[in-house]
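Protein chains: 2
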Amino acid sequence: MSDKVKIAIDAMSGENSPKKIIEGIEISLKSNKENFFYLYGKKDLLEKEIHKKKYIKKYSEIIHTEDIILDDESPLTAAKKSKNTSMWKAVESLKEKKSDISLSAGNTGALLIISRLLLKTVTGISKPALAALWPNQNNLNVVLDLGANIECDEKNLTDFACMGSALFKSLFENPNPKIALLNVGHEKYKGNDVLKKTFSILKENKMKNFEFIGYIEGNHIMDGNVDVIVTDGFTGNIALKTAEGTANFITRNLKNSLNKLSMLLSYSSLAKFRSKLDPRKYNGAIFLGLQSPVVKSHGSTDSIGFAHSINVCNKIVKANLIERIKSNLITVDAKLDG
Amino acid sequence: MSDKVKIAIDAMSGENSPKKIIEGIEISLKSNKENFFYLYGKKDLLEKEIHKKKYIKKYSEIIHTEDIILDDESPLTAAKKSKNTSMWKAVESLKEKKSDISLSAGNTGALLIISRLLLKTVTGISKPALAALWPNQNNLNVVLDLGANIECDEKNLTDFACMGSALFKSLFENPNPKIALLNVGHEKYKGNDVLKKTFSILKENKMKNFEFIGYIEGNHIMDGNVDVIVTDGFTGNIALKTAEGTANFITRNLKNSLNKLSMLLSYSSLAKFRSKLDPRKYNGAIFLGLQSPVVKSHGSTDSIGFAHSINVCNKIVKANLIERIKSNLITVDAKLDG
Numbered sequence: 419m420s421d422k423v424k425i426a427i428d429a430m431s432g433e434n435s436p437k438k439i440i441e442g443i444e445i446s447l448k449s450n451k452e453n454f455f456y457l458y459g460k461k462d463l464l465e466k467e468i469h470k471k472k473y474i475k476k477y478s479e480i481i482h483t484e485d486i487i488l489d490d491e492s493p494l495t496a497a498k499k500s501k502n503t504s505m506w507k508a509v510e511s512l513k514e515k516k517s518d519i520s521l522s523a524g525n526t527g528a529l530l531i532i533s534r535l536l537l538k539t540v541t542g543i544s545k546p547a548l549a550a551l552w553p554n555q556n557n558l559n560v561v562l563d564l565g566a567n568i569e570c571d572e573k574n575l576t577d578f579a580c581m582g583s584a585l586f587k588s589l590f591e592n593p594n595p596k597i598a599l600l601n602v603g604h605e606k607y608k609g610n611d612v613l614k615k616t617f618s619i620l621k622e623n624k625m626k627n628f629e630f631i632g633y634i635e636g637n638h639i640m641d642g643n644v645d646v647i648v649t650d651g652f653t654g655n656i657a658l659k660t661a662e663g664t665a666n667f668i669t670r671n672l673k674n675s676l677n678k679l680s681m682l683l684s685y686s687s688l689a690k691f692r693s694k695l696d697p698r699k700y701n702g703a704i705f706l707g708l709q710s711p712v713v714k715s716h717g718s719t720d721s722i723g724f725a726h727s728i729n730v731c732n733k734i735v736k737a738n739l740i741e742r743i744k745s746n747l748i749t750v751d752a753k754l755d756g
Numbered sequence: 419m420s421d422k423v424k425i426a427i428d429a430m431s432g433e434n435s436p437k438k439i440i441e442g443i444e445i446s447l448k449s450n451k452e453n454f455f456y457l458y459g460k461k462d463l464l465e466k467e468i469h470k471k472k473y474i475k476k477y478s479e480i481i482h483t484e485d486i487i488l489d490d491e492s493p494l495t496a497a498k499k500s501k502n503t504s505m506w507k508a509v510e511s512l513k514e515k516k517s518d519i520s521l522s523a524g525n526t527g528a529l530l531i532i533s534r535l536l537l538k539t540v541t542g543i544s545k546p547a548l549a550a551l552w553p554n555q556n557n558l559n560v561v562l563d564l565g566a567n568i569e570c571d572e573k574n575l576t577d578f579a580c581m582g583s584a585l586f587k588s589l590f591e592n593p594n595p596k597i598a599l600l601n602v603g604h605e606k607y608k609g610n611d612v613l614k615k616t617f618s619i620l621k622e623n624k625m626k627n628f629e630f631i632g633y634i635e636g637n638h639i640m641d642g643n644v645d646v647i648v649t650d651g652f653t654g655n656i657a658l659k660t661a662e663g664t665a666n667f668i669t670r671n672l673k674n675s676l677n678k679l680s681m682l683l684s685y686s687s688l689a690k691f692r693s694k695l696d697p698r699k700y701n702g703a704i705f706l707g708l709q710s711p712v713v714k715s716h717g718s719t720d721s722i723g724f725a726h727s728i729n730v731c732n733k734i735v736k737a738n739l740i741e742r743i744k745s746n747l748i749t750v751d752a753k754l755d756g
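Line by line, the protein sequences give chains A and C. Quick note, my numbering runs 418 ahead of the 1-based positions in the first sequence. Quick note, my numbering runs 418 ahead of the 1-based positions in the second sequence.
Hints listed in this document are in silico derivations from the structure and should not be mistaken for laboratory results. Just so you know, not all the hints are guaranteed correct.
A pair holds if it fits inside one copy or across any two, identical chains being indistinguishable in the list.
Pairs of lysine-lysine, BS3-like flavour, derived with a Cα cap of 25 angstroms [as the list claims (entries may be wrong)]: (1) LYS699 x LYS673; (2) LYS499 x LYS608; (3) LYS606 x LYS499; (4) LYS606 x LYS498; (5) LYS437 x LYS461; (6) LYS690 x LYS673; (7) LYS614 x LYS694; (8) LYS448 x LYS422; (9) LYS501 x LYS470.
Make the full structure from the sequences, and use the hints.
This is the structure in structure tokens:
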């Protein structure tokens, strides 16, 4: 088992868990048997689900936890209420080196707080960030931060650029990803002071690990010309959710506009279109900057979406993301003092 | 002519001007003859266009201006380079009370600077804002600020709420619009200090002119449950452009997914869908907070889009927007001192 990727799963969080968790594992095992799953949650419920799919037993171990963090609990209260929740124990297994990566579909705020409480940050990183994959005209890009840090300085944004490029390289075959800063214009004089300072740092440092291409505006995020888009957690969260809302608005209205016959006639190409936009295919936000990686699945995704986030976990561990982050970092403090 | 709405048009700015400007006027005159147009720009070019549509002469007057502000000029340089640009003169006509409202499809930054240089702010407003219309499930809502102010405090955001509701009431039949603050969550503890302070001010003040319903997240902007969405200019600009980029991404991919026969079969319903999303229908961003109203048309819109922005100008003047703003304002300073 030592050569397996050991994934610690909070099996009680998210809609329709633990059923979707076990079904997600089943789907992932069809194409990849490299993972071993530590399942944290109510033993009886998990055994009942696994009973139906006995061969999963060979790839998993159940660790009973009594308590559950709910989605609507305040993150701080939830994180502190018990050390015997499925989420706490799953993250704690990283600290104890029992597992390589942790995965939860639960309360994002609580997961961030628990992860920061239990796991140290990578030396040089003061604020961890939440990164996610975003579809574009060519493939997928990485956007961060998506809400872990409401306010950020130039040191944080520079760290995000370094961490985001390490993540991109871990997930895709690309030795030199293109990085841009999200701003209200591409001109140098646009934006706030933090952005201008970050621009200078990234421009002046000779990057071995990524190419800084300057500012990018919101309408170009999905063009496919940039691999990693860096922003503070407030702006990133607004941008991600606005894109989600716009996509929902358009597809809902479109559905009402196509009659059944034309949908049938374009069936296969419409299926491709839906597949390209299917949010399950890029399910899995990654919490970057800690000594061990933590992945957050969307709470409302189904077993297919959860299987995708298992795949993200596998790639991150095999690509040795944490070491890549360490070797990518720029010492910004020295630069700012100089 | 005194009962006409007098619109001062910067006739040289934007793509394909002055041709599209004159064609836009022609379209607007078909449904509405209440407007009179002061056309600022190169006399020979304007006369050449109007020569083809002689009856427009009755509704317009050309004022020759020698210089033009280009789209790619730095706003500050452009605003200061000459007082004989079509943009400068059109805004100046407001100061001189020759016209009621000014309309330009040119350089947004330069228009903001010139407007602030020439026109005083409404008493009590320190920062004017750029507002625009955004389609939603039911109709349209107002979003502001969209980029005039990169950094805002609670006084600014409260002013934006008051001005945005006045604008909404001027454009639509609704005595009590619903206002929300754009944030990363709907819970009270979410967001930065400025948002929390603004939330308190809007919650504690008894509003006669609008209903404050709290925070809204990016994915709900288009749901149609809120009429006015308030945010700082940085966030608003990112949100607007991200929505635009997402809409372009989806429609581009969709086009490639539907074969010709199915497009024909759903022709009329697809036409309705396209019409609902047609950005020309909500063309016209409004610069709020000055003693006179200034409207910015999208530079790349066509004559139909420009005609829509003329319609916005007409509504604003007839609804007496500036007086509505004045009567809507909350004295926030007193509240903050108390």
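Subject >> Hint numbers not upheld by this structure, sorted from lowest to highest >> reply: 7, 9
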